[in-house]
Amino acid sequence: CVGYIPISSMLAVLSATAPTALPEPEPPSATAAAVPGLIVDTDIGGGGCRDVDDVGALGVANALADRGVVNLLGVVQNTQATNSTGVISVVQRYYSRTIPTGVYRGSGLRDLAALPYVADIVARWPSPVRNSSQAGSAVKLYRHLLAGQPDRSVAVASIGLLTNLAALFQSSADEHSPLSGLSLFGQKVFRLAIMGGRYPSSKGQRCECNFCAAAWGGIDHRAAVQASAHVVERLPADVDVVFSG
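The opening position of the sequence shown corresponds to residue -9 in the working numbering, with each subsequent residue numbered one higher.
Because the hints were derived from the structure by calculation, they are not lab data. Glycine included, each C-beta is placed from N, C-alpha and C at the ideal position. Careful, some of the hints might be misleading.
Stated by the list, open to error - Distance ranges between label pairs, derived from CB positions:
(1) Ser123 x Gly49: 20 to 28 angstroms
(2) Lys193 x Ser97: 29 to 37 angstroms
(3) Glu165 x Arg224: 18 to 26 angstroms
(4) Arg224 x Trp115: 33 to 41 angstroms
(5) Pro90 x Ala163: 17 to 25 angstroms
(6) Leu225 x Arg114: 19 to 27 angstroms
(7) Ala53 x Ala137: 22 to 30 angstroms
Modelling step: build the complete structure from the supplied sequences, incorporating the hints.
Here it is in structure tokens:
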């Protein structure tokens, strides 16, 4: 998340999460929940774009859930930084909200040391989940959560690498849904907010970190670029997408 504040991306999706706020001509499903579901996809201090801002974004998501604006369904970690999962759990415990957490289990990323605040938070505050070994697969969690929601009723806030979304798009039918991951995403999600990109163009500039992990010496660069390309090239046409770079 280097160089950007994910809270703005969170607000970009949450400020218009009510299905009635979606632009025409594609109205939301008549069966959509009155309070939309939200899945937060975060790198939270670890991986190729390490920073501190995702903690604030997760706090905003919980605060809005407390106000009844969204139903916070789950949080998925798009890196393999071991202790970052513990920070998610600490934040959730602070807000007294027990929700499932998933971690990227694909290839191409390294288990890198997160920023110092990550270990400090995990050491100083208790939480039911201490590290990534205690969390399940992010793709499995995505499929489970999406399959259980009404059509076009879920918003996803992506405030890190697009690794989880790429893996979801490539997933096949399972015990949660007979649909492919891409079809399931297109059926259940009405808005995707992606914190990433340079606008109006990145020509002649270093690419933005969440799209290609360009910070910290290019750690995880190849996997990040492949994931970003896979997702952007396959975004379902009827899902409203907000790029906030």
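Okay, the hints, checked on the actual structure:
1. The hinted window of 20 to 28 angstroms between Ser123 and Gly49 holds, with their beta carbons roughly 25 angstroms apart.
2. Checked against the given bound of 29 to 37 angstroms, the beta carbons of Lys193 and Ser97, roughly 30 angstroms apart, stay inside it.
3. At about 24 angstroms, the beta-carbon gap between Glu165 and Arg224 stays in the expected band of 18 to 26 angstroms.
4. Between Arg224 and Trp115 the C-beta distance comes to about 39 angstroms, which sits within the given range of 33 to 41 angstroms.
5. Range check, Pro90 to Ala163: Cβ separation about 21 angstroms, and the 17 to 25 angstroms hint holds.
6. Between Leu225 and Arg114 the Cβ separation comes to about 40 angstroms, which falls outside the hinted range of 19 to 27 angstroms.
7. A C-beta distance of roughly 27 angstroms is found between Ala53 and Ala137, which places it inside the suggested range of 22 to 30 angstroms.
Of the hints listed earlier, the one the structure fails to meet is number 6.
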